[in-house]
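*Asks:* Chains G and U supply the protein sequences, listed in that same order.
Each residue of the first sequence is one higher than the last, beginning at 0 in numbering that gives the first Met the number 0.
Each residue of the second sequence is one higher than the last, beginning at 0 in numbering that gives the first Met the number 0.
Be aware that a few hints might be false.
Said to hold, decoys possible - Under the rule of at most 25 Å between Cα atoms (straight-line distance), these lysine-lysine pairs were calculated in the PhoX-like manner:
id, chain 1, residue 1, chain 2, residue 2
1, G, 157, U, 316
2, G, 179, U, 316
3, U, 328, U, 222
In case anyone wonders, no lab produced these hints; they're calculated from the structure.
Okay, here's what each chain looks like letter by letter:
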Amino acid sequence: MVNQNNISRREFLKRAGAAGIAAAGLAACDSQGRAASGVPAPEGEMTYRTNPKTGDKVSILGFGMMRLPSVGGRSAREGNEGIDQEMVNEMVDYAMAHGVNYFDTSPAYCQGQSERATGIALSRHSRDSYYIATKLSNFAPSTWTREASLAMYHNSMKELQVDYIDYLLLHGIGMAAPGKGMEEYEARYLDNGILDFLLEERKAGRIRNLGFSYHGDIEVFDRLLAEYDKYQWDFVQIQLNYLDWKYAKQINPRNTNAEYLYNELAKRNIPAVIMEPLLGGRLSNVPDRVVAQLKERSPETSVASWAFRFAGSFPGVLTVLSGMTRMEHLQDNLHTYSPLHPLSDEEFAFLQHTATLMMQFDTIPCNDCKYCMPCPYGIDIPAILLHYNKCLNEGNIALDAGDENYRKARRAYLVGYDRSVPKLRQADHCTGCDQCSPHCPQGIDIPQELHRIDAYVEQLKQNTL
Amino acid sequence: MLRKIRLILATLFFISVTLLFLDFTGTLHAWLGWMAKIQFLPALLALNVGVVAFLILLTLVCGRVYCSVICPLGVFQDIVAWLGKKQRKNRYSYSPAKSALRYGFLVLFLVALVAGIGSVAALLAPYSSYGRIANNLFAPLWQWSNNLLAYFAERADSYAFYETEVWLKSLPTFIIAVLTFVVLAVLAWRNGRTYCNTVCPVGTVLGFLARYSWFKPVIDTDKCVNCNLCARNCKAACIDIPNHRIDYSRCVACMDCIDKCHKGAIAYKHAPKAAPLPVQKTGQGVSPEHVDNARRSFLTATAMVATAATLSAQEKKVDGGLAVIEDKKIPKRATPIIPPGAVSLRRFAQHCTACQLCVSVCPNGVLRPSTDLLRMMQPEMSYERGYCRPECAKCAEVCPTDAIHLTSLAEKSAMQIGHAVWVKANCINLTDKQPCDNCARHCPTAAIQMVPSVAGDPASMKIPAVNTERCIGCGACENLCPARPFSAIYVEGYEMHREI
Chain G
0 MVNQNNISRR EFLKRAGAAG IAAAGLAACD SQGRAASGVP APEGEMTYRT
50 NPKTGDKVSI LGFGMMRLPS VGGRSAREGN EGIDQEMVNE MVDYAMAHGV
100 NYFDTSPAYC QGQSERATGI ALSRHSRDSY YIATKLSNFA PSTWTREASL
150 AMYHNSMKEL QVDYIDYLLL HGIGMAAPGK GMEEYEARYL DNGILDFLLE
200 ERKAGRIRNL GFSYHGDIEV FDRLLAEYDK YQWDFVQIQL NYLDWKYAKQ
250 INPRNTNAEY LYNELAKRNI PAVIMEPLLG GRLSNVPDRV VAQLKERSPE
300 TSVASWAFRF AGSFPGVLTV LSGMTRMEHL QDNLHTYSPL HPLSDEEFAF
350 LQHTATLMMQ FDTIPCNDCK YCMPCPYGID IPAILLHYNK CLNEGNIALD
400 AGDENYRKAR RAYLVGYDRS VPKLRQADHC TGCDQCSPHC PQGIDIPQEL
450 HRIDAYVEQL KQNTL
Chain U
0 MLRKIRLILA TLFFISVTLL FLDFTGTLHA WLGWMAKIQF LPALLALNVG
50 VVAFLILLTL VCGRVYCSVI CPLGVFQDIV AWLGKKQRKN RYSYSPAKSA
100 LRYGFLVLFL VALVAGIGSV AALLAPYSSY GRIANNLFAP LWQWSNNLLA
150 YFAERADSYA FYETEVWLKS LPTFIIAVLT FVVLAVLAWR NGRTYCNTVC
200 PVGTVLGFLA RYSWFKPVID TDKCVNCNLC ARNCKAACID IPNHRIDYSR
250 CVACMDCIDK CHKGAIAYKH APKAAPLPVQ KTGQGVSPEH VDNARRSFLT
300 ATAMVATAAT LSAQEKKVDG GLAVIEDKKI PKRATPIIPP GAVSLRRFAQ
350 HCTACQLCVS VCPNGVLRPS TDLLRMMQPE MSYERGYCRP ECAKCAEVCP
400 TDAIHLTSLA EKSAMQIGHA VWVKANCINL TDKQPCDNCA RHCPTAAIQM
450 VPSVAGDPAS MKIPAVNTER CIGCGACENL CPARPFSAIY VEGYEMHREI
């Protein structure tokens with residue numbers, strides 16, 4: 000179910016009869032002008048942005064290596080299946096053939112397997128044909144020591160099979176338990192001298208660009224930008240999409256609107272790398288009413304393409320990362336960005352209106368990044384939250400037993416719940432230990448949400464709503 | 000004609016009763032539940048005077064039609080025998096009654112019943128035997144078929160079918176069911192109603208009554224040409240052609256003989272005078288096999304041993320993945336837990352026929368046949384798969400003997416069937432130093448509160464405190480406790496239930 004978000008966002012493509020990889024690359028029409036395939040071939044060349052410091056021509060579509068496919072066909076972050084390396088190679092080759100040259104990974108992704116898979120796929124190409132971004136993901140307190148952090152950094156180079164890194168990020172600045180953001184930043188990068196080390200590495204050329212990715216505590220973001228003169232950040236990775244542009248704070252008071260983040264970077268002329276342009280699939284799996292609105296304007300493009308055009312339209316954006324699990328995701332994104340048609344002012348306003356509409360649905364802002372996982376007690380947190388969102392989007396959350404569709408909604412919720420989440424991994428087994436919440440980039444109070452969902456399920460089961 | 004009516008009714012009863020055991024959703028019981036309640040032994044144990052009187056009257060008027068129509072085990076044997084007859088026609092022959100065996104089993108059965116040794120009674124009782132077979136052998140097939148449909152429904156985004164868990168509830172009971180099935184099938188295939196006329200206590204009692212029944216098949220000696228065709232088609236082996244006698248205590252009124260006779264020499268009518276059957280010492284001596292030995296060999300219950308994969312501390316924080324969940328193991332309970340409405344262990348043992356109907360419908364995986372020697376196959380509760388949910392009283396709804404008797408859900412949730420016991424050594428608040436209040440949060444009667452583990456220090460880790468006065472023993476705490484394989488809180492049963 001978790002992956003359904005990713006899959007269903009391109010459902011329309013599949014339904015239209017995606018004939019496979021080959022069809023996409025070829026002309027999509029036969030001699031009579033009938034479409035041979037629903038997968039639109041890119042009309043032109045990939046759009047590139049220039050890194051003002053290095054002059055790198057970076058493709059506007061960046062390949063996020065966080066949701067790589069597993070041998071079971073799902074995202075490798077689910078279950079305990081290994082990464083489907085052949086599929087990764089195939090997708091990387093296809094992306095590069097169509098102009099993608101930015102690949103973003105981390106030692107933490109895909110249960111720690113992403114860097115190796117990325118290294119294997121990219122080492123088959125010449126080193127100057129791609130830019131590699133990875134992170135110093137020293138989240139666990141056990142990795143805060145200088146030795147452990149250095150080991151992680153050196154291990155990244157080994158796994159990626161490179162002797163220099165194009166883009167290195169301090170990973171998830173500000174992401175910690177409430178009020179702990181600054182403390183953790185200092186423990187992870189300052190107290191152990193790691194930031195100084197990284198600056199040296201940049202000087203030595205083993206890091207070509209140094210930046211950071213940010214979630215959560217805005218004070219840390221502001222501090223790092225205030226210290227721009229000292230550190231000369233080459234780029235910053237932020238979460239930006241049409242929902243977070245003005246509503247990030249409203250979704251969660253701990254977060255900051257993307258509008259502020261982007262403008263702070265633009266002021267200083269720092270290139271922005273965009274993550275979560277699709278909010279982990281939430282902006283492709285939208286309420287039916289929103290789908291209708293988007294399709295009415297542009298029936299032949301995917302729901303997701305709107306979100307990608309939004310993120311790419313800002314001139315200060317260097318690249319937009321997309322965690323692509325399936326070839327169809329890649330093809331659709333290539334179509335959107337080859338070339339990018341920036342949003343008109345009118346379209347921009349329309350998406351803002353759409354965001355307002357979506358805010359009226361009370362979905363939980365989980366984007367399935369799985370940073371909270373694995374839960375030590377075996378709960379499948381994202382699957383539970385996403386099932387709730389799915390039912391909400393489909394109108395299957397009953398408010399009252401007297402509701403017209405109560406019986407249908409009840410059945411859909413309970414039967415779907417057992418299908419999406421094994422019984423032992425459901426919300427009723429949450430102990431409330433709260434080891435998960437500090438890892439959530441969206442700042443969701445996970446135990447509280449799980450207990451709320453559990454209480455709702457209890458009401459459904461007991462018929463006492 | 001009479002035979003056709005018998006066949007139609009028998010088919011209806013058989014399919015309906017079987018469906019009762021297969022339907023895990025419990026919806027059919029609203030319409031067909033009465034079919035289980037008119038079974039002789041359940042009605043007798045439920046002290047259902049009306050039904051028992053009706054069945055006695057029915058037998059006194061029509062003979063043992065109960066055995067041919069209402070009893071699912073009887074019809075099951077007929078089906079096997081019918082298949083056997085396809086292989087070789089005219090396969091039966093007359094044999095004298097094995098009265099010593101019949102009454103011996105009846106006495107054994109009655110003694111077991113009175114002494115409250117439910118396991119022996121359940122082994123002999125026909126309805127229980129059929130329930131066991133249906134629940135252990137037919138239900139899994141039904142559920143797997145359902146799961147197949149659910150698999151497709153899921154892919155078609157339909158909620159019409161949902162998956163159900165198929166699990167082995169008790170190995171000894173399963174093996175007994177298989178043995179019962181095999182023994183009965185072999186007996187029925189070879190000799191028709193051997194079980195009904197040698198072992199079955201209900202058959203013996205009804206047979207005794209049937210001797211005096213008003214209507215019965217009668218041989219007209221004037222028309223009879225001694226062709227023996229009727230005797231060779233009598234599955235009860237009760238037609239003695241040389242003497243032109245029928246042993247009415249064994250005749251199950253199937254009407255097969257009436258149809259078979261070319262001369263119309265047998266009629267179903269009132270016989271003015273039933274001459275006593277002379278005791279004969281002929282016959283081939285069909286040795287009645289039976290299932291008694293089966294039980295003793297399976298006293299050792301086997302617990303499923305889970306793969307004990309322990310969580311290793313993670314060196315670095317990576318995203319994704321699912322922690323391994325160890326299966327829960329059944330804790331050692333000093334007193335078994337039986338469902339609310341059972342009143343007491345003693346009353347329950349005396350009233351339950353171990354038909355497995357409640358086990359079939361329990362939607363929470365709580366009920367399973369006991370492996371205890373004395374209560375073998377009678378249901379008991381355990382909470383490692385689920386707990387006794389407040390909105391459910393399915394077991395009481397379906398119980399044909401009223402061994403589980405509830406009038407309302409309110410009565411159920413006010414019934415103390417046991418109480419929770421905290422096991423300090425397992426509680427994650429102390430072992431993992433992780434705050435957890437899952438037991439307290441899910442307790443439906445608010446019998447659990449979290450108190451500081453160090454007296455007088457409110458900042459210390461909280462541990463659950465059970466107020467046994469409020470605890471009803473539903474097992475929510477035990478089932479939802481994160482400690483594995485043994486929960487840090489488990490339920491001890493009560494010998495005698497108590498209403499709050």
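*Asks:* When the hints from earlier in the document are held up against this structure, which numbers fail?
*Replies:* 3
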